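A.B. asks: Just need the whole structure built from these sequences, with the hints factored in.
Those sequence lines, one after another, are chains A and B.
Reminder that position 80 of the first sequence reads as 80 in this note's numbering, one-by-one numbering, no gaps.
Reminder that position 234 of the second sequence reads as 1234 in this note's numbering, one-by-one numbering, no gaps.
Just so you know, these hints were derived from the structure itself, not from any lab.
Note that this is a predicted model, so its numbers are computed, not measured.
Cβ atoms here follow ideal geometry from the backbone N, Cα and C, with glycine treated the same way.
Careful: at least some of the hints might be erroneous.
Claimed, not checked - Below, computed lysine-lysine pairings styled on PhoX-like, alpha-carbon distance capped at 25 Å:
hint, chain 1, residue 1, chain 2, residue 2
1, B, K1145, A, K282
2, A, K283, B, K1145
3, A, K285, B, K1196
4, A, K368, A, K67
As the list claims (entries may be wrong) - Beyond 12 Å from chain B on every Cβ pair, some chain A residues (computed):
hint, residue
5, K47
6, Y69
7, L131
8, M181
9, T238
10, W354
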Amino acid sequence: MKFDIDRRSERYLPTKDIQACGLFGVMNIEGKRFGGEMAIKAIVNMKARGNGLGGGYAVYGLYPEYKDYYAMHIMFQDRNMSAKKKVDEFLAKNFDVVYDEEIPTNPSAKVMYPPLVWRYFVAPKKSEGSLSDDDYVVEKVMHINTSIEDAYVFSSGKDMGVFKGVGFPEDVAEFFMLDEMYEGYMWTVHSRFPTNTPGWWGGAHPFSILDWTVVHNGEISSYGTNRRFLEMHGYYCTLFTDTEVMAYAVDLLMRRQGLPIEIVSKIFAAPMWDLIENMDEKKRKLYTTLRMVYAPLLINGPFTVIVAHHGEMFGITDRIRLRPITAGARGDFVFLSSEEAAIRAVSPKLDLAWTPRGGEPVVVRLKKKDHLLSLKESV
Amino acid sequence: MKTFMLPEFIIERSDERCIRCKVCERQCAENVHRYDEELDMMFEDEMNCVGCQRCVVFCPTNALTVRPHPSTYRPNANWTRERLQDLKKQAETGGVILTGSGNDKPYRIYWDHLVLNASQVTNPSIDPLREPMELRTFLGRKPDKLDIEYSEDYEDVDIETELFPNVMIETPIVFSAMSYGAISYNAFKSLAMAAKEYGTLFNTGEGGLPKSLREEYGGNTIVQVASGRFGVDPEYLNVSAVIEIKIGQGAKPGIGGHLPGEKVTINISETRMIPEGTDALSPAPQHDIYSIEDLSMLIYALKEATNYEKPVSVKIAAVHNVAAIASGIVRAGADIVAIDGLRGGTGAAPKIIRDNVGIPIELALAAVDRRLREEGIRHKASILVAGGFRNSGDVIKAIALGADAVYIGTPALVAMGCTLCQKCYTGKCAWGICTQDPYLTRRLNPEIASRRLVNLLRGWSHEIKEMLGGMGINAIESLRGNRDHLRGVGLEEWELNVLGVKGAGE
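C.D. replies: What follows is the structure, encoded as structure tokens:
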């Protein structure tokens, strides 16, 4: 269900998707790979947060044998083989495809209208001095998503992949046989409760570009402002979801402009002016400047988001904390979740469990203890 | 010549209530009321009455009613009373008909066809009485991105990017350009005091900034550099918060201004730097700006003169190809684009121009915001809009259409006492606003008038906060350009397209 977009006037753009959700993420900070059981069990524990119209997983450290190649997970709506032919031709023209296959599925799983899902391992075929590899891939992914009907790219990063679909998350896991077939050092998962759109496999979360994935819960009231600002930077929304806006904002600020999440979180969930005024002079100047320059990327209204890319996962909730997030740690495992109960369901004993304040990010990094920094800002 | 005009207003006096106190006689600037001692009676000369309601408000016994004169010609949809009166006036004088205030013709007011959103269930509304609700706004150019250096623990962060000057205002409302000369010193000072107290700006208009106000209120001024260059000196530029190059005005796009010599008193002559009693003529164009590259040179000349410490605004009237012009202005180096719409006010303008030239601000704003975004330069300039904003609802809708802040002129005048009698150009404002007659200007006490203005700003700001909270937004920047929170009612397809707003129910 991609939209045919008439851009003569903004009034023809589709209304955005409204949804609520359950989120969960887990990372082994020593980088040890593990299976999908924890992610599946945790999200099942939050069943009431979804309604069976979407579930999905992002797995990092997924394809160590192909880790130098971009792994593309591409779905073909209604198993449309002519779309696949177009994609095959497009990929062959722009990439060296080193290996490709259908992603194995379990046909008895309880999912609705499963598409054909294929994975390709590719290397960019490009002339010197042009775009960076990443930007090249982004451009090609955008092309497939906007120009090839019935084809949609689930994910396009190296050594990672997104598996998602319409159904409860455990059904999607069963369909892709996530509990038996795959391992990774980091998993994020999402259960969806859309209120105004029917499910479409491409519209499930995680939303991904390159190795960045976003799972999101919320309905942001600043959507229109955020979307227009991102369009100015070349990000044209095709799905009209809040998640898409979050993903592009993260891509712009973190990947393209190189800001760390510790700063980006202060853009998305900016401290109140009252608070800024009581900071020391240097910080006051910094926070004032951030709010001034990045005002269009303040994310207003309720949201919680878990963003991941290789080596890093962070969770953040809006500045007045209208949606929940909880963090926990046990040994080398660090968890982020909509509910503490879901963390306890997979790890009854925790070394630490804490609730971060609105706008305070919990940053989990490989081989680091950065997540502990958010402890002092917990509720 | 015997005039064939009908009186505009009828004055009805309740003789039972009238106590012959003669307040009406003293308050009227047009000599309408007259007391006859022998008869112990009040008489009225209706032909002179402009309907300013000063006498009505000040009558201690509420003995007076002033209302549109009932005598009229045969009703005719084409040849209305106003048109016939204008014809007779012109036949008797042979002149251009002058008027004051904004366009009063029934052009579509788009604000009345746009409705706002509110949160229900899927995201919560926010209560501004219990939670912070932020209206703080920055006017000026923003960089494409911020480069920063940070320590290992992210505690020590340095901004590497050089920033452009921006001005912070506490509410997205600033006072429009009304010059000292057009309005009285007291009215001018009232605007300055209110802007300072509330943390916003007032625009000096093109008449300079009196030396006596520079130190205290300079930081709250937008100083204009207009075609007459009145009152422009280095100090004037350097005490300001913002410098504005005035190209055009919504009430009279394409033409200049004329302050008659009788208004140029000694103080005004000093401030404007012209001889006392001479006409202050503002040419239609700026004679050093005949093209966009000329504009760019003036922008940078002003920046040079102020060490690149002030945002420079360029104010234009909303005309047909306003979007392309605005884009050129931003590329020429302006930090703010100010657009004044069809209903913008004035102290004096030819009526035929005021009522027929320019386009509505709503459509101009939507077109400019869209064009700047499409060209990827929206962040390079703030958009200030002016022209007929009547209440906080209009302001918040303008912000949702893409404005950074709104200029208000008429509402500020009304708050100080103005009743929109449209006779500003006569210099006989009975409310002490648009006059230089010391007998009249004394009526306006800046302490009181500034309190009325601050109350207006506070009231509107509270209302904006309520509406923002209702939409689940707690900072004004999250509504800026957020047309998703607007819907159109009773608009044509093309109008919705230009506004970039869906119809209600869509």
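A.B. asks: CA of K283/A to CA of K1145/B, is that 25 Å or under?
C.D. replies: holds, 18 Å
A.B. asks: Against the 25 Å threshold, does the CA-CA distance of K1145/B and K282/A hold or violate the hint?
C.D. replies: holds, 19 Å
A.B. asks: Is K285/A within 25 Å of K1196/B, Cα to Cα?
C.D. replies: The hint holds at about 22 Å.
A.B. asks: Would the hint linking K368/A and K67/A be met if the CA-CA limit is 25 Å?
C.D. replies: holds, 22 Å
A.B. asks: Can we trust that L131/A is non-interface, i.e. its beta-carbon lies farther than 12 Å from all of chain B?
C.D. replies: holds, 18 Å
A.B. asks: Over 12 Å to the closest beta carbon of chain B is the bar; see if W354/A clears it.
C.D. replies: W354/A is indeed farther than 12 Å from all Cβ atoms of chain B, at 19 Å.
A.B. asks: Just checking, T238/A versus chain B, shortest CB gap more than 12 Å?
C.D. replies: The assertion about T238/A holds, with a minimum of 17 Å to chain B.
A.B. asks: Taking 12 Å as the cut and beta carbons as the points, is Y69/A off the interface with chain B?
C.D. replies: Holds, because the least Cβ-Cβ distance between Y69/A and chain B comes to about 30 Å, which exceeds 12 Å.
A.B. asks: Beyond 12 Å on every Cβ pair: is that true for K47/A relative to chain B?
C.D. replies: Since the minimum Cβ distance to chain B is about 20 Å, K47/A lies beyond 12 Å and the statement holds.
A.B. asks: Take a quick look at M181/A and tell me if its Cβ sits farther than 12 Å from every Cβ on chain B, holds or violated.
C.D. replies: Holds, since 36 Å exceeds 12 Å.
When each numbered hint is compared with the structure, no violation occurs for any of them.
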